[in-house]
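Student: The chain contents come next:
There are 2 protein chains.
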Amino acid sequence: MTRKDIAGTAALAQARRRRADRARQVADVLRRQVLYGEFRSGALPAEAVLAREFGASRNAVREALDLLRAEGLIERRAGVGTLPVAEKYPHGLEHLLGLAETLREHGEVDNEVRTTGLITPSREVSSRLRQAPGEPVVYIERIRRLNGLPLSLDLTYLARDLGEPLLAEDLARNDIFVLLERIAGQPLGTAEVVLEAVNADPHSAATLDAPRGTALLMLERLTHLADGRPVDLEFVRFRGDRIAMSGTLRRTRP
Amino acid sequence: MTRKDIAGTAALAQARRRRADRARQVADVLRRQVLYGEFRSGALPAEAVLAREFGASRNAVREALDLLRAEGLIERRAGVGTLPVAEKYPHGLEHLLGLAETLREHGEVDNEVRTTGLITPSREVSSRLRQAPGEPVVYIERIRRLNGLPLSLDLTYLARDLGEPLLAEDLARNDIFVLLERIAGQPLGTAEVVLEAVNADPHSAATLDAPRGTALLMLERLTHLADGRPVDLEFVRFRGDRIAMSGTLRRTRP
Chain B
1 MTRKDIAGTA ALAQARRRRA DRARQVADVL RRQVLYGEFR SGALPAEAVL AREFGASRNA
61 VREALDLLRA EGLIERRAGV GTLPVAEKYP HGLEHLLGLA ETLREHGEVD NEVRTTGLIT
121 PSREVSSRLR QAPGEPVVYI ERIRRLNGLP LSLDLTYLAR DLGEPLLAED LARNDIFVLL
181 ERIAGQPLGT AEVVLEAVNA DPHSAATLDA PRGTALLMLE RLTHLADGRP VDLEFVRFRG
241 DRIAMSGTLR RTRP
Chain H
1 MTRKDIAGTA ALAQARRRRA DRARQVADVL RRQVLYGEFR SGALPAEAVL AREFGASRNA
61 VREALDLLRA EGLIERRAGV GTLPVAEKYP HGLEHLLGLA ETLREHGEVD NEVRTTGLIT
121 PSREVSSRLR QAPGEPVVYI ERIRRLNGLP LSLDLTYLAR DLGEPLLAED LARNDIFVLL
181 ERIAGQPLGT AEVVLEAVNA DPHSAATLDA PRGTALLMLE RLTHLADGRP VDLEFVRFRG
241 DRIAMSGTLR RTRP
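Residue numbers (the UniProt record's numbering), protein chains in the order written: chain B, 1 to 254; chain H, 1 to 254.
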């Protein structure tokens, strides 16, 4: 290559990087508008309109729409334009709520119970539930759906005295939280949560009807009764394309 | 196939599913132990020991270790065994903290500033920052590293009166939060956050030195001054394999 060719190639790479940067900026703002239903009534504005609105090139806008299409949030329909096709459901980080309680206004949650039973947990699980090693716990595995669409795969370990009566209840239609409070005769107190993003392994992906490698929002949650006793340890895999967690943080230094 | 063959195939599929289910259970508990440094001093227990501990088959344990290896959390070394190789850094959901403030005990955060400047934002950004349409804002784009490893890619929109003086500060070494408080002469108040899991697009993945499609923990955060004025809108892509968000939720009904 001549020196001029090299300079041309570098300039091209830089232009491409700049366009990708702009596309990401546009996509981040549009993602929010799609998720919060701003375009619920119809198509997104035309590319030219978006380009003006964002002060971006048509190519950058097209690339931004490609990103959101890859995330499964929008779809292009011939003769109609670009439509929002997904809705993410908000799950609160403020209050400790079961899924059906949280999503009441969005539709009906039903649970496919895959496994229930008494098991001898590993020491790690025993110690988090403050049980003696070897003491059995109740294990429940559920696929949770909203209006028929898979939202999450939940692995739950419960203290035996509360878990055994719970197995007699209608687990397909009720949040475990609500049942636990009824059985314990006291409200829940607090829960320690950890949130992570992980790529789905093939088996978890298949269970959630999602593509292999799909991003999952993984929630680990240890829930205590109001009296402080830890009774419910859960590992929840949410489909990343269907759930957003939201809340308010306060600037108080630890 | 004979009827017996079909029954055999079905039984095999069921056994495989059962093993995958067990592997996931084991992986979830081990993931936590790896992340919280339980095996920091050396290798994980041998497969046979883990199989006993979890009451699982060796095959299920092996599959669980495969899952954690695929997530980049552990590695197999010949003659040594299985070692934890990753550490996730905890980012608090309790308090509104900058990254360097949060990770102080884990090492040094430095920021590569990719872009800074005055831009005319889209109406969505203006309205969230409660600005008149067309009023310019300060835009900053940073790659944030902990001990040299990329943690996040941050896109930040700041109210102009605070953002312009901020550009004169050392952005490579300081959290924007700390600088904002100094410039505003008042502490920050609250922030509305939304957390999602998304697969990285190729360009974002490359920017974060991560494989294409890697799961990102995506944080959108609108931060207000103590007086309630929204001044800082951020879109942060955290590498899912490097950050876990943790906090405590309370059972208070909305």
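Be aware that one or more of the hints could be misleading.
For chains that are exact copies, the list does not tell them apart, and a pair is met inside one copy or across any two.
[Claimed, not checked] Calculated cross-link-like contacts (lysine to aspartate or glutamate; reagent style EDC-like; alpha-carbon spacing at most 20 Å):
1. 88 - 71
2. 88 - 192
3. 4 - 112
4. 88 - 124
In short, the hints are calculated from the structure, not lab data.
Student: Of the hints stated earlier, which fail here?
Tutor: 3
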